[in-house]
Amino acid sequence: MRPTKCLFALATLLLLGTSVHAAEATSVKVGFLSTLSGPGAGLGIDIRDGFNLAVKQLNGKLGGLPAEVIVVDDQQKPEVAQQIAEKFLKKDKVDFMTGIVFSNIMLAVGQPVFDNKTFYISANAGPSQYAGEQCNPYFFNVAWQNDNLHEAVGKYVMDKGFKNVVLVAPNYPGGKDAMVGFKRFYKGKVSEEIYTKLGQLDYAAELAQIRSLKPDAVFFFLPGGMGINFVKQFVAAGLSSDTQLFAPGFSADEDVIKAVGRRCSACSTPRTGRTTWRTPRTGASLPTSRRNTDVCPHFTPSQGFDAALLIDGAVRDVKGRLDDKEALRKALEAKHFKSVRGDFKFNSNHYPVQNYYLRVIGRDAQGRVTNKTMGTVFTNHADAYVAQCKMK
Amino acid sequence: MTQLILEQALNGLQFGLMLFLLAAGLTLVFGIMDMINLAHGSLYMVGAYLAAAVTQASGSFMVGIGTAMLATALLGALLEVSLLRRLYARDHLAQVLATFALILIANEVVRMIWGAQPMLLNAPDALSGPVSIGGFFYPAYRLLLIGVGVLVAGLLYLLVSHTRLGMWVRAGASNREMTEALGVNVRLLFTAVFAVGAALCALAGAMLGPLLAVQVGMGESILILAFVVIVIGGIGSIRGALVGSLLVGLVDTLGRAALPSLLREVLSPEVASSLGPALASILIYVLMAAILFWRPEGLFPARG
Numbered sequence: 001m002r003p004t005k006c007l008f009a010l011a012t013l014l015l016l017g018t019s020v021h022a023a024e025a026t027s028v029k030v031g032f033l034s035t036l037s038g039p040g041a042g043l044g045i046d047i048r049d050g051f052n053l054a055v056k057q058l059n060g061k062l063g064g065l066p067a068e069v070i071v072v073d074d075q076q077k078p079e080v081a082q083q084i085a086e087k088f089l090k091k092d093k094v095d096f097m098t099g100i101v102f103s104n105i106m107l108a109v110g111q112p113v114f115d116n117k118t119f120y121i122s123a124n125a126g127p128s129q130y131a132g133e134q135c136n137p138y139f140f141n142v143a144w145q146n147d148n149l150h151e152a153v154g155k156y157v158m159d160k161g162f163k164n165v166v167l168v169a170p171n172y173p174g175g176k177d178a179m180v181g182f183k184r185f186y187k188g189k190v191s192e193e194i195y196t197k198l199g200q201l202d203y204a205a206e207l208a209q210i211r212s213l214k215p216d217a218v219f220f221f222l223p224g225g226m227g228i229n230f231v232k233q234f235v236a237a238g239l240s241s242d243t244q245l246f247a248p249g250f251s252a253d254e255d256v257i258k259a260v261g262r263r264c265s266a267c268s269t270p271r272t273g274r275t276t277w278r279t280p281r282t283g284a285s286l287p288t289s290r291r292n293t294d295v296c297p298h299f300t301p302s303q304g305f306d307a308a309l310l311i312d313g314a315v316r317d318v319k320g321r322l323d324d325k326e327a328l329r330k331a332l333e334a335k336h337f338k339s340v341r342g343d344f345k346f347n348s349n350h351y352p353v354q355n356y357y358l359r360v361i362g363r364d365a366q367g368r369v370t371n372k373t374m375g376t377v378f379t380n381h382a383d384a385y386v387a388q389c390k391m392k
Numbered sequence: 001m002t003q004l005i006l007e008q009a010l011n012g013l014q015f016g017l018m019l020f021l022l023a024a025g026l027t028l029v030f031g032i033m034d035m036i037n038l039a040h041g042s043l044y045m046v047g048a049y050l051a052a053a054v055t056q057a058s059g060s061f062m063v064g065i066g067t068a069m070l071a072t073a074l075l076g077a078l079l080e081v082s083l084l085r086r087l088y089a090r091d092h093l094a095q096v097l098a099t100f101a102l103i104l105i106a107n108e109v110v111r112m113i114w115g116a117q118p119m120l121l122n123a124p125d126a127l128s129g130p131v132s133i134g135g136f137f138y139p140a141y142r143l144l145l146i147g148v149g150v151l152v153a154g155l156l157y158l159l160v161s162h163t164r165l166g167m168w169v170r171a172g173a174s175n176r177e178m179t180e181a182l183g184v185n186v187r188l189l190f191t192a193v194f195a196v197g198a199a200l201c202a203l204a205g206a207m208l209g210p211l212l213a214v215q216v217g218m219g220e221s222i223l224i225l226a227f228v229v230i231v232i233g234g235i236g237s238i239r240g241a242l243v244g245s246l247l248v249g250l251v252d253t254l255g256r257a258a259l260p261s262l263l264r265e266v267l268s269p270e271v272a273s274s275l276g277p278a279l280a281s282i283l284i285y286v287l288m289a290a291i292l293f294w295r296p297e298g299l300f301p302a303r304g
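Chains as they are written, first to last, in the UniProt record's numbering: chain A, 1 to 392; chain B, 1 to 304.
With the rest of the complex left out, here is chain B (with noise of 0.2 Å):
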């Protein structure tokens, strides 16, 4: 029983760390630009490709991931200096339209150079099993997962609340034309901060690529679940993406763990069979709305 409840709450923890790696660009571009950026998941997706491409050529895993980030990183500060910056100023539906036009064309531009079936990407050997810690087993892998996550999560906070880079990001989210007032290059930053943003996507679609599959349109539905935890945790906020991230990693585990059977307690086996799975991955969205009616700005609002 402890095996399972440690194994389930680690399971958790994974993606939720891994949908940090998602949330804290997207929040950090929304909360300080202002800008909707539905494209986010295609740097998502351009970065995984990117690493199973340098991964099969290279024979490295590392190099892989290493190349993927940098080069995600150049493409979206690229995109942010060519494209994204004239759309500051408009509103919310031309952004919208803008970076899902953009999705289109990653998509379709990755099925030209790739293909359309999914890319093989696999972990190195040496983390293709379990370990073994006192008669617990979990695999390798995942646990390098927790690992990054953590130092990942851990460097940001370093940088955003003890850096004068973190001060100044903080600043433009929560008051832009203040902070620009006071003399900071906020156009250097926003491109600084897209950069980042953009190799955080690549390092995550780079290492759940192995996990789940490198594959055209990957970025869409991670996408959507990103947006949900940048909702709970407050839009701006790298903190409130950590725990939204979290939160939202954990329910969904423990949901699709826990619910069918905990229905098959008090309905019949043929309703629960049938009425847990479909439950059970609604969970998050019904976790979003709880919190959105008692805490509409969401748990940790960075515009106060």
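Bound conformation, chain A alone (with noise of 0.2 Å):
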């Protein structure tokens, strides 16, 4: 008999224990699931920086309460982050989830993630689906919703009076999402449509393709170091000089721009996006960045910043009662936090209406290549699908 007695005295210690943890919560466990090495990784690094800066600004908690930040890379495989996304969730136990940078892992992980009732932050990956019909109280999104970026682009090309375009985007969701954004407010001619393969690196055909049906602008969307190489083969091939590139903001951060900048200098590409960190805060994040970390002071990382500063708020909201899901959602919702990049606020689909600029890549007063705001294409800007949401 004593070994049972001995068990259930065990038993009912675990149950105590847990209950306790119920109440409130004495850490913040987050899963950073991002795409951290290969041709994407530029993203996920500077999202992942981003986010721990602002945990090191708070002193290594969230809502006051010790934060840790678990780092996984997805290798930007689906199967592998789904993986990963099932240890968070079982093993590690995490509290909220955040990172990821493609849509398609996106829509493979999000599932499981919210039949678990955790929160995911998103600091990037914005599918329409989601702001849409699949629309959930689990998922925020900082960032954007896919279309946005490119809707803005499409909005400035057409008031530019472009009148011939040819569309450029990886065949995944969120190529599919950029090209609808695009269409959505440029109503000149298409003449084609190019869908690559996503990680595709070598455009020759492509660009070749382009050269043949003479547009007067390009619109790309290839993330990471996709972007970075068709940049560098357009001017190679020549393109340069008679078409006219146009590209989401993500495209010209300031990593790219060192990566292919001389040469894009030369052709002076006017890009769309919000401004890099022009808020008061600015002034307090942007020299610690530069002497502590490696983060330039360009905007990825400002998604990744941005959706630490949520958690931080949302977590003080509820006094460290992370088992109450629905004051946190509350709280999220509420956003206790003014973004560094110009402030937001949630829409009923949990993604962003917020402002988009335009930015133009020159020199500056130094003679380096960089990021110029030229002015604001949208204000308080929601997404296409808000209204397809029911939010339950």
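Since the hints were made in silico from the structure, they are not lab data.
Careful: at least some of the hints might be erroneous.
[To be verified] Using 20 Å as the maximum straight-line C-alpha spacing, the simulated SDA-like pairs for lysine to any residue come out as follows:
| no. | chain 1 | residue 1 | chain 2 | residue 2 |
| --- | --- | --- | --- | --- |
| 1 | A | Lys214 | A | Gly238 |
| 2 | A | Lys189 | B | Ser261 |
| 3 | A | Lys345 | A | Asn355 |
| 4 | A | Lys214 | B | Phe136 |
| 5 | A | Lys197 | B | Ile224 |
| 6 | A | Lys197 | B | Ile282 |
| 7 | A | Lys197 | B | Glu220 |
| 8 | A | Lys197 | B | Ser132 |
| 9 | A | Lys345 | A | Asp92 |
| 10 | A | Lys197 | B | Tyr285 |
| 11 | A | Lys160 | A | Pro173 |
| 12 | A | Lys90 | B | Pro269 |
| 13 | A | Lys197 | B | Ser261 |
| 14 | A | Lys214 | B | Leu4 |
| 15 | A | Lys189 | B | Glu220 |
| 16 | A | Lys214 | A | Pro173 |
| 17 | A | Lys29 | A | Val71 |
| 18 | A | Lys197 | B | Gly135 |
| 19 | A | Lys189 | B | Asn107 |
| 20 | A | Lys197 | B | Ala258 |
| 21 | A | Lys214 | B | Gly135 |
| 22 | A | Lys183 | B | Glu270 |
| 23 | A | Lys187 | B | Glu270 |
| 24 | A | Lys197 | B | Glu108 |
| 25 | A | Lys189 | B | Ala272 |
| 26 | A | Lys187 | A | Gly238 |
| 27 | A | Lys77 | B | Glu108 |
| 28 | A | Lys197 | B | Asn107 |
| 29 | A | Lys197 | B | Phe136 |
| 30 | A | Lys214 | B | Ser132 |
| 31 | A | Lys77 | B | Gly217 |
| 32 | A | Lys77 | B | Ser132 |
[Unchecked claim] Covered by chain B, according to a simulated footprint, are these stretches of chain A (three or more residues, beta-carbon under 8 Å):
| no. | segment |
| --- | --- |
| 33 | 30-40 |
| 34 | 195-201 |
[As the list claims (entries may be wrong)] Beta-carbon label-pair distances, calculated as ranges:
| no. | chain 1 | residue 1 | chain 2 | residue 2 | range |
| --- | --- | --- | --- | --- | --- |
| 35 | A | Lys87 | B | Asp34 | 36 to 46 Å |
| 36 | B | Leu120 | A | Met158 | 29 to 39 Å |
| 37 | A | Lys214 | B | Ile133 | 18 to 28 Å |
| 38 | B | Ala181 | A | Val80 | 32 to 42 Å |
| 39 | A | Glu333 | B | Val63 | 35 to 45 Å |
| 40 | A | Arg321 | B | Leu93 | 29 to 39 Å |
Ideal placement from N, C-alpha and C gives every residue a C-beta, glycine not left out.
Fit chain to chain and form the complex, with the hints in mind.
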């Protein structure tokens, strides 16, 4: 009889342990799943560094509780990401997940996370599915809905009077969102929509096709290393003399400029996106980031930074009661922080309503090639899918 | 229209010739030594990284390529003498396991030394723009790749079919025991072939570096294509490798360029735009399957 009794006692103890935990968490666990190797790694690393920078500035805490951030590389493979997410949910029992760059991975991982009632704070991937019919109370996005940046480019290209455009994007959910978004505001002629393989690095065939179509502008959505290669090869093919290049902001972040900059300054390609860190917080965060980490002051890290601040504000609001999902959701929706890149508020589908700016690559006062903000394309812009979202 | 066709043909040629640099070494190792070397792609990666590192340090692309080729050839010879030599007598499964382990080791070592993010390797400034020949534009750097590919193919042809060394290599490929019985030092020959194959890998890696990306795992994706090439061409045959490479290069490029618009003629735009790119990316495997169906030994079987 003794062993059984002992076991029973132990079980009660464990139960007690968990119930204490349920009342008030002693730490915040974040599962950070992102693409940290391969051609898409630049974005994932930026988001990670931005997230870590925020946690560091908060003295290693989120919402006043010690933060534990578990960082794992998804290798840009959905099946790898699914396994890691499984581990985050079942073994590590994380309180929040964040970090995913690519929408196909987001769509592969999302459902199990939501079913587990774990909040996912997206710092990048904003698939149209999760903005519309499949919107979910456990999904928040601090960056954008995928279409948004492309809508802004589309509007700008339309306003500037370009008549004949070729679109290039990878053949995956994010790429499809890009084309749809661009065409939502650009009503002129699209002479070709070229879909490439995700992760493709050689664009010789596509560039030859573009040359034969003689467009006056090319819009490309090729995140990470794909975009670097595309721009380099575009210039090498001699297309930059009579065709304007347009791309969403992350295709012209400071790291991309570093890789292709000198060549790109010659083609002076206007691009769209939000400005880099330019609100009051900038003064505080910029010098730290330059000195202590390798985070360049461009906008992809700001997405990770914002994700951390969103969690921080919500955890503080519910006073560490992370198991009260309803209260936590309300706290996240209330968004207790000001974004470093210009503020936004959440729409009913948990996607941001915000301004979109135009940037042009040019030389700054010291003669360095960098991004310059030119003006606002959209003010308080929402995504096109919010009406289809019946948030439960 | 002529510009488009000519440009796409050149693109296919350029891609094919670069594949040939990889496939030539692979097919010889496979054909002569009956050895499946999955780590061939790792040599390509190491070559590219060495070229990028030396180019950044010395500021000269030429020095980078030269050093990378020499160092990779040395590494290849070292690998052959120390490890692979022990695997020739084993079955293919043991070879696959051992060389797969080499891939993992090479990837981790490269990650440790150079980090997980791609390394920057730019073509020389003089070659970063287009050249124009009578109104026809083509990137100068790609033209250089075609030139180098043709040169190497020519040199290999001379080496294999007009020198004593080449005769031994061909003899070794068609009947290893008989060649040994005739007094050829096959051991040394193997090491030499392996070193040359490694140097060609490094050349391909260094030349493709500025066009693609110098990154961990770059060897695996191209290795699959190289295997497709040697299976199409016939294992052990240099001529087969050349024809196979050009076929794969042209079919892949033309498929990517023409298939989506061809499909749009017969199907609805939505179906065509999702089916086209998917179909284009499997086209070379369809080609391989078709060739294996009619010519199971490949186009130019080395063993009679």
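Hints, one by one, checked against the model:
| no. | hint | verdict |
| --- | --- | --- |
| 1 | Lys214/A <-> Gly238/A | holds, 12 Å |
| 2 | Lys189/A <-> Ser261/B | holds, 17 Å |
| 3 | Lys345/A <-> Asn355/A | holds, 10 Å |
| 4 | Lys214/A <-> Phe136/B | holds, 14 Å |
| 5 | Lys197/A <-> Ile224/B | holds, 16 Å |
| 6 | Lys197/A <-> Ile282/B | holds, 11 Å |
| 7 | Lys197/A <-> Glu220/B | holds, 17 Å |
| 8 | Lys197/A <-> Ser132/B | violated, 29 Å |
| 9 | Lys345/A <-> Asp92/A | violated, 31 Å |
| 10 | Lys197/A <-> Tyr285/B | holds, 16 Å |
| 11 | Lys160/A <-> Pro173/A | violated, 28 Å |
| 12 | Lys90/A <-> Pro269/B | violated, 43 Å |
| 13 | Lys197/A <-> Ser261/B | holds, 16 Å |
| 14 | Lys214/A <-> Leu4/B | holds, 11 Å |
| 15 | Lys189/A <-> Glu220/B | violated, 40 Å |
| 16 | Lys214/A <-> Pro173/A | violated, 28 Å |
| 17 | Lys29/A <-> Val71/A | holds, 11 Å |
| 18 | Lys197/A <-> Gly135/B | violated, 31 Å |
| 19 | Lys189/A <-> Asn107/B | violated, 46 Å |
| 20 | Lys197/A <-> Ala258/B | holds, 15 Å |
| 21 | Lys214/A <-> Gly135/B | holds, 14 Å |
| 22 | Lys183/A <-> Glu270/B | holds, 15 Å |
| 23 | Lys187/A <-> Glu270/B | holds, 18 Å |
| 24 | Lys197/A <-> Glu108/B | violated, 26 Å |
| 25 | Lys189/A <-> Ala272/B | holds, 19 Å |
| 26 | Lys187/A <-> Gly238/A | violated, 28 Å |
| 27 | Lys77/A <-> Glu108/B | holds, 18 Å |
| 28 | Lys197/A <-> Asn107/B | violated, 24 Å |
| 29 | Lys197/A <-> Phe136/B | violated, 28 Å |
| 30 | Lys214/A <-> Ser132/B | holds, 17 Å |
| 31 | Lys77/A <-> Gly217/B | holds, 13 Å |
| 32 | Lys77/A <-> Ser132/B | violated, 41 Å |
| 33 | 30-40 | holds (count 4) |
| 34 | 195-201 | holds (count 4) |
| 35 | Lys87/A <-> Asp34/B: 36 to 46 Å | holds, 42 Å |
| 36 | Leu120/B <-> Met158/A: 29 to 39 Å | holds, 35 Å |
| 37 | Lys214/A <-> Ile133/B: 18 to 28 Å | holds, 19 Å |
| 38 | Ala181/B <-> Val80/A: 32 to 42 Å | violated, 51 Å |
| 39 | Glu333/A <-> Val63/B: 35 to 45 Å | violated, 59 Å |
| 40 | Arg321/A <-> Leu93/B: 29 to 39 Å | violated, 56 Å |
When each numbered hint is compared with the structure, violations occur for hints 8, 9, 11, 12, 15, 16, 18, 19, 24, 26, 28, 29, 32, 38, 39 and 40.
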